[in-house]
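Peer 1: Chains A and B are the protein sequences, given in the same order. So for the first sequence, my numbering puts the first residue at 1; every next one is plus one. So for the second sequence, my numbering puts the first residue at 1; every next one is plus one.
Among the hints, a few may not be true.
Cβ-Cβ distance ranges computed for the label pairs, FRET-style [to be verified]:
(1) B:Ser150 x A:Ser50: 32 to 40 Å
(2) B:Ala20 x A:Asp53: 51 to 59 Å
(3) A:Asp245 x B:Gly54: 44 to 52 Å
Just so you know, these hints were derived from the structure itself, not from any lab. Don't be surprised by glycine CBs; every beta carbon is placed ideally from N, CA and C.
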Amino acid sequence: MSENILVIAEQSGGVFRKAAFEAISEGKRLAEALEAEVTVLVMGSDDCFSKIDDISSILGKYGADRIIAASGQALGEYMTDAFTNAAARIIEKENPGIVLMAGSTQGKDLAARLSARCDAAYAMDCTALEIKDAQLIATRPIYGGKVIAKVMLEGTLKIAVTRPNAMMAEEFPAQGAVEETKVDDVGATRLIFVEKNLDTDKVELTEADVVVSGGRGMESSDYAAVEELADALGGAVGASRSAVDEGWRPHADQVGQTGKVVSPSLYIACGISGAVQHLAGMSSSKVIVAINKDPDAPIFKVADYGIVGDLLEILPIVTDKVKKLAG
Amino acid sequence: MEIIVLIKQVPATELILSIAEDGKNVKKEDVKWVLNPYDEFAVEEALRIQKTEGGTVTLVSVGPDKAQEAIRHGLAMGADKGVLVNDPKALDCDGLATAKVLASVIDSLPYDLIIAGQRAVDDDNYLVGTAVAEFLDIPNISLVIKQEISDNKIKCHRTIEGGTVVIESPLPVLLTTQRGLNEPRYTSMPGIMKAKKKKIEIKSLDDLDIDDSSLAPKTKILSMEYPPERQGGRLIEGDSPESAVAELVKVLREEAKVI
């Protein structure tokens, strides 16, 4: 299988997602097995590109042999139709065997539409990719992580989406030769961007290195203790379904089979008993800490470290000690 | 307003699943099946739109006989009718081929709006809704938490990392649901009784204008396994909360090296 790899690297306002670097270095690992090249496609407006300092070294560092910088007025904000049209055209021209991208909200949407446009094999939220007997094999959690499937992708074009935080963004210095291309006409589009509302201070749950989650044991919507610990650790705040159902936290914070699946380095479950659905959504975290007043809570069966006790007493002490460590 | 909702029957999320003997499926006997939770949001939103805009809500699914229960659930919530593609050949489809089958069904129906769950919580694919939109050549907006329809146009709030983006589209369009869009209603006894009289049309692939060879799966499950079992860890005790926390922070730093 001699086929090249195209990685679509997502940027917003000139800033690349960490998950994009993970996808590029995973692409490089596959390319080495295939003795192939990694081409990275970046789509954006001129304004986005003007904010990127040195695209060659930023992406070359993780293994981009070549970079296609596709700029166009219609590529400023992610709109499914404009981005699908632009990416499909470049895929047709480049003719890669494998297309990778990170499973952000943009990556998930674009990969699905592209796979239908290009009639390509598709695997979502892969935690590992390998080439075996010249076939691309993806490892992906299904049923919210209760089962891990190995899936073979077949055909001339295969689209695999990497799960944020599941793969290492390793340094693989490569040339990063930049080719600029103008996308003046993205073809027929029907979606119109109206506005964007961002809470920029917020650490994205699915990409966070540390997640501090609160559950029913928080006993109220006062999450200050959880938020302060998350802040001290530079992490994100999550919640169990009960906390969301109580209206204590927004839906976007829900971790579990019917919410977000996370795999941070450190997951701290505060007052979460550990329902099957919640465990499915967080048990791939590297280290799990549980703090709960009920010593029989199922969460302790999956936690690496546990403390039985009163959250409102314990959390501020943890925050205080973490802050002291940070100096 | 003619609204189509794509639905799927999935194992209930509170279940602990077992892998079947062939190692390529989960055991499906003795499993409690439900309407995919994200599809419940889709049915609910369709019914709310129907209330102001009028028209019919049609549920479309691909599945075995049993999947009629999921359709009945949606009908009991208030949807008008259902279509089920029940064909052994359709059950072997991967996500992309399933989308082709659904698009072929929808092609013969009138529609202004299609709503689908963002993903089914069994294969977690995030594919079928969006792919159906592509095959029908209509726009799609995924992960929607709010929509407003006026003048044959729809404005949707789509969730993205750290916020939302507002997108406008002409109709017809396909939306996928995000948690927070609405609070799906419970089915009532009168609703369940009424649903029994509503029509579910059963179709086979022969009833559709679709070339079987285009449905050959491009993805194949080679094996399934359970995630690595986590060792129940260490309970940290101390003379006081202060000393327990001191020990916790110490092990997180020195042993686990995560802070």
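Peer 1: Please go over all the hints and tell whether each is borne out by the structure.
Peer 2: To see whether the hints hold, each was checked on the structure:
At about 37 Å, the beta-carbon gap between B:Ser150 and A:Ser50 stays in the expected band of 32 to 40 Å. Take B:Ala20 and A:Asp53: their Cβ atoms lie about 52 Å apart, and the range 51 to 59 Å holds. Hint check: A:Asp245 to B:Gly54, Cβ distance near 32 Å, so the stated range 44 to 52 Å is violated.
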